[in-house]
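Asks: Each protein sequence line maps, in turn, to chains A and B.
Just so you know, we're using numbering that gives the first Met the number 0 here: the first sequence kicks off at 0 and counts up by one.
Just so you know, we're using numbering that gives the first Met the number 0 here: the second sequence kicks off at 0 and counts up by one.
By construction, these hints were calculated from the structure, which means they are not laboratory data.
You may find that some hints are simply not true.
[What the hints assert, rightly or not] Computed cross-link-like contacts, DSBU-like style, restricted to lysine-lysine with a CA-CA straight-line distance of at most 30 Å:
| hint | chain 1 | residue 1 | chain 2 | residue 2 |
| --- | --- | --- | --- | --- |
| 1 | B | K660 | A | K658 |
| 2 | A | K634 | B | K641 |
| 3 | B | K660 | A | K817 |
Protein chains: 2
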Amino acid sequence: MARSGKYVFLFEEGKKELKESLGGKGANLAEMTNLGLPIPPGFTITTKACNYFLEHDRRHPPKLKEQVERAISIVEKKTGKRFGGSKNPLLFSVRSGAPVSMPGMMDTILNLGLNERTIKALREKTRDERFVLDLYRRLIQMFGEIVSGISPEKFEKILADIKEKHSIKFDTDLKAKHLREIIKKFLALYKRETGNEFPDNPKKQLFMAIDAVFNSWNNKRAITYRRIHGIPDSIGTAVNIQSMAFGNMDKNSGTGVGFTRNPSTGKKEMFGEFLLKAQGEDIVGGIRTPQPIEKLKKAIPKAYLKLEKIANKLEKHYRDMQDFEFTIESGNLWILQTRTGKRTAEAAVKIAVDMVSEGLISKKEAIMRIQPEHLDKLLHRRINPNEKLKIIAQGLPASPGAASGQIMLNADEAELEARAGKKVILVRPETTPEDIHGVIASQGVLTSRGGMTSHAAVVARGMGKPCVSGCEKIVIDLKKKRIKVNSLVLKEGDIISIDGSTGNVILGEAKLLEPEMSQSAKTLLKWADSFRRLGIRANADVPKDARKARELGAEGIGLCRTEHMFMAKERVPIVQGMILAVNYSERKKALRNLLPMQRNDFYGLFKEMNGLPVVIRLLDPPLHEFLPDSEALLKSIHLLEKGKKKPRELEEKRILYKKAKELSERNPMLGFRGCRLGIIYPEIYEMQVRAIFEAAFQAEKEGIKVKPRIMIPLVGSGSELRLLKNLVLKTANKVMEKNGKRIEFKIGTMIELPRACMVAGEIAMHADFFSFGTNDLTQTTFGFSRDDAEGRFLKQYIEKGILKTNPFIELDRKGVGKLVKIGVKNGKKANPLLSVGLCGEHGGNPNSIEFCHEIGLDYVSCSPFRVPIARLAAAQAAITNNQKKK
Amino acid sequence: MARSGKYVFLFEEGKKELKESLGGKGANLAEMTNLGLPIPPGFTITTKACNYFLEHDRRHPPKLKEQVERAISIVEKKTGKRFGGSKNPLLFSVRSGAPVSMPGMMDTILNLGLNERTIKALREKTRDERFVLDLYRRLIQMFGEIVSGISPEKFEKILADIKEKHSIKFDTDLKAKHLREIIKKFLALYKRETGNEFPDNPKKQLFMAIDAVFNSWNNKRAITYRRIHGIPDSIGTAVNIQSMAFGNMDKNSGTGVGFTRNPSTGKKEMFGEFLLKAQGEDIVGGIRTPQPIEKLKKAIPKAYLKLEKIANKLEKHYRDMQDFEFTIESGNLWILQTRTGKRTAEAAVKIAVDMVSEGLISKKEAIMRIQPEHLDKLLHRRINPNEKLKIIAQGLPASPGAASGQIMLNADEAELEARAGKKVILVRPETTPEDIHGVIASQGVLTSRGGMTSHAAVVARGMGKPCVSGCEKIVIDLKKKRIKVNSLVLKEGDIISIDGSTGNVILGEAKLLEPEMSQSAKTLLKWADSFRRLGIRANADVPKDARKARELGAEGIGLCRTEHMFMAKERVPIVQGMILAVNYSERKKALRNLLPMQRNDFYGLFKEMNGLPVVIRLLDPPLHEFLPDSEALLKSIHLLEKGKKKPRELEEKRILYKKAKELSERNPMLGFRGCRLGIIYPEIYEMQVRAIFEAAFQAEKEGIKVKPRIMIPLVGSGSELRLLKNLVLKTANKVMEKNGKRIEFKIGTMIELPRACMVAGEIAMHADFFSFGTNDLTQTTFGFSRDDAEGRFLKQYIEKGILKTNPFIELDRKGVGKLVKIGVKNGKKANPLLSVGLCGEHGGNPNSIEFCHEIGLDYVSCSPFRVPIARLAAAQAAITNNQKKK
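Same shape as in the complex, but just chain A:
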């Protein structure tokens, strides 16, 4: 139940702080009205009314009707027009506006209030029958579609048939007589489809439209959007009822959308598009390709200059880049809405950093404005400029970055192919909210129609995917499932590349370059570093990755997985030799061969990380991972047996098969691996530790500062670590004695078993550091085998809402997180000097990083490309946390 009985606010009664109640659009219309901007008068019905309506079996809250009628009469006074009046009739637009921006998700109806009487009045007033009839046919169509759910195609078909019949190409060429014909057929269609006459009463139209907005809160598109973006279902939408301004009134009229800065690059320049003689939906729908906003300067100069001033004022007022809609009616500029503008990650960073230098916002604010995940998109891939490309067409550069993939013309099928592991480019005449799942699944989007602010462009930018829009040279044949560019015919499945930064469409797969960070991003991240408390390290196994990590700001290696070094192709036979060794001395021999290789690996890492800590995890996976799969061996044994040739190869395969069977485990994840290996075959760890220290001395001799950190995996008890710590110390001492000097090093352990968290106190007695291995900890805590779960039930668990998110991506705070907390507490209590980090994939996930900050970890470690994200997320966590404390 609503606490207050006020459900209707005139624009002048609101302000931007009432967003929750008035929705974003309504609050901003109110704010702008009070700022003195030219806003067509109107009022907003609150979200509370919507919630009441949805919770009370679609009944209006008490007195809503009276409040709306009172508001109408005030607007009538202001405009000097009358709703349904026979002289100077007032028309309304009705738009939804939720507290959270949901572009394209909700519905708009224009020109409400038209009926025989008002049409006549308006025709008399404007002396433009064609204009008035065009308004009416638009009303019937929008109303029919949105309020009464009539399929858009049915209207479009009538329109197309009549255009064809009269050989008319553009809607703008329709004459009044054609429009009369269309209106007649539209009204008949309406009756046929709904069983009712098209409503004649303006108020009836209005209230039906209001209810339609309320209902649209629960349409499938809206629900999908909310699910994707994590918006609660309970907030509801407001309804904005605003007097119409007509961008299609005459040649001095038009409509457009603008941004106060370039949403693609972040450059400080007014950016946008407009259409002359058009109503709003013509532009956002992407049906006609609009002109860039600079051209408005020539077309209606006065309006352009005023718009520039307003844009400036809006940005200063809101202290953020704005995305606004405007209409020019016979030369008079009206602002229809403003909101914080969506932007590419690149633009977001540039704008935030620029606004700090402009003195508009603080560094903290700049940091808080960037979604860490968006930094991922910052590092856009580019097409190698040295490559010769076969450019087949050029469209608008709607969302930066480049991508390659197979052409798919249908969102559903694009999704299916993507699921099957294919890279796809979604190619559509234009996209609609119904195509969102296809956009999500694709590498990039190419449309033949629509501008820089078309649905496809907005959505792709939001997702950080490359998009080329309005590429009109491409002719799409949805039936034959192919596209034509001049004489070139491409089928679904053929590979193309798109470059969303240039608009180029390229035949075949283009070579993509890995991204580099912009100067703004570097500045922002430097600021972030000054705020964060968490250290950021990277997971890297080879010098190349270590170098990249350092470049991107890593403060050390938090996890070097030595098994990846074992898997190098030329080493596999040696590793297999070690595994097949029948006794200790044979095994030692194989290990002796591995020693120089490992030493060289570690030397390379130390060199790259000069002065920074390098955490090296000793061998972790079960040994059978280094052998071929036993079934594959069995199959090739059968083949060799059939061929009756290569007896030696057959014998080798048989030996491998026997060993693979011997070592095979029912649950390798819970098997003979980690420190268990090190305890049963101490010679393996001994070799690795020796290689580490020999490499350290080699590097040190070259003036490199080495900080080795030895990490024992899969420890579940204090005794395991005690035993292996002794082994490490003994081996390290041997090498140090030989070199006649000491090296500073530390010994720690992965905490990746629930038991380790429970007995973290006894483990901490023997550890300099803990590193929470939350990948494995998530597997054991949930009893989920990652490999098995994701394919079999995890997706359905998330769909059914059993799990909110994938716990392998976002750390499960309730379960795994609680164990981590217990582990940290027990560990630090037993050993106050203990350093504590995290090196699972969660180390690069912003939400998880926030958790790590909150529970007092010392550092996180993530893959090199996620280091910038982690730096930013850590800063945000520190800022949020301080704010919380205050």
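With chain A's structure known, arrange chain B on it following the hints.
Replies: Same frame as chain A, now just chain B:
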């Protein structure tokens, strides 16, 4: 460092409460001395002295020598003899005696103090040269073996050679001249082996013997025994130095061991054996077969009567059955030691129950005296009395119960065979502590020599294994690896059976009957039931097991694993059909076929458990467990392909193979199983729930009181349980509506994932009960796959002391237990009505049961045969816990 400087206690200075310091033997010698029993005077060196010695590089604690010398002089005064004296020389025995009884593990030396001078003096005093020389040759042999580590065989060989040379059969037939010859050779052997002369100085002999006892604490046998029995290494042993009484003095002399009750049956009668003219080690060593104690009545009547009185006094004083040693020297009875007697489980129960009726102990004491694990042995298997047996020999019924297995003549090889899964009977001339691992590995023990108190008999009784000892008819040829019984020759590997209750040895495998409980055991368990708080249920899947469980006192079924019902041979094709079903309706069809079968299963259980709760767990294992192994399929496909026949079978195998591959998981333990199955394929759980309720109504119509409890496995979040609870309710309601009435039932869940413990609060909101599945919880908490771990590293973990016990047998309190505690706390907090149990294998493990009691569980559930153990353990936990609280 010892806190007190007193390391030597005269017997009269001690008491039984000083066991920790004086050892069991020393404390009892002191106690008996003060009771006024005839104890040869002596003194005890404390365990502290031993620990000092072992910790200080084998140096004596300060003033030990002086204290020993002072004690000797007091004993000299008491006995009127002198140690090393030339008139009436005093001889000592030296025996170890730890605070915990360790039979056969430690070493004894008799007759210390003999040298040329004392031999002469003694010969003059006794006028029996042969006797004195025999003492001396024994001294040299024992001293040589124990103090100087000379191999016993070397002494035995000299003895045997001389016996052969003079055609002497028994040691007792050796004349003085033979003994002189032997002594000469023994002394030469001693010099040859040690490089030193045999020590002549009595005090030197004594101190060397004392040090040998100290050192023997760390010999391999002792360490093994301590490891097996969980005795800490740190307690050390005391040394008892006692004036000798000579059982080999004359015809009126003898030595023996006795029990105050029958240690095999528990019957109230003096029980034991003796040898005339013998020293103690002759009897415990089992080398000569002794006479039953009743025969002493005839042999030395006065001594026998006195012994009976003493036995009575001892038992009243100690309030428990005693095992004592005595020596009769020229008609004078001396008691050499007493201790609580080892007994069979059967005897233990009978004695405890009898002592309650005799008013000697309380019911609580009776309960606390029985090790719950021993009840397992109570339920001894018997040979079917109706079977015709081929009895090939009869020995002594040394440890009750029957067993079959292949003959193995060597402990090491017996162990190897047992590891390979074979059942073995260890057949030895006699056993020694070195054979313990062979006894452990075997089903039962058969010896050709030794009596009811021989090593084999004592050890087998302790372990609850059947044993037939002293079966002299069997001739063992260790070299040829065979045994002969008259003309019958049996090789190693041939199967025999033994009956430790009758002493029969049977050719081939005898049919064994499952055991029944004795009246005493039933009484004891009834008492236990009145003390325990924990409920005891059983894990049972079929009516037969349910019946057995109820017979043994189970108060319900705590876990019925429905998958075992799926695995019945005739059902597998139907289950496979369900798995191979390509769609929902095919799957439903297969499930329809399973429904009546499952219904019948549940009906049978309800009938057996009339009035008691039956917890039924819905399907848990991954579906691929019902398909053949994919490699086996691959192999048979290859075979069929080669044969080019049976195309239909080939096709079937191929389909099965494809599905098996599709369903195969890397880590099935963490895979698509448990409630995950029920969520993705609700129709399976639906069928099971329907079967349960239909069966319930069927049973109810027959007047059976049904209490179904539906249990959802592998839950890790509240939402899973909420979802499946709804499914159960919906299905149950359908069946109940159809029957027009309701049935009382409950819905609960297994808690077997670490996450479930963490979020137990949210789970408990939807649960009537929790049942901790500690098998799986142990796997996930440790990250141990039970199947993989036990073979690969778990054993070595225990050997290396990384784990104290196998966590799959004894609940790991520190890790798994802590999680269980958290789960109980969270669960009960959220739902105070929650009932909480445990149904892992730990439910039958006494230590784990104690833990369950302590943390406030409501019940445990274990396999039917462990129900009595659980009842007793639960009572002990309650008693201990109450005592702790006071």
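Asks: Against each hint, give a clear statement of whether it holds in the structure.
Replies: Verification of the supplied hints:
no. : hint            : verdict
1   : K660/B / K658/A : 21 Å, holds
2   : K634/A / K641/B : 14 Å, holds
3   : K660/B / K817/A : 36 Å, violated
When each numbered hint is compared with the structure, a violation occurs for hint 3 only.
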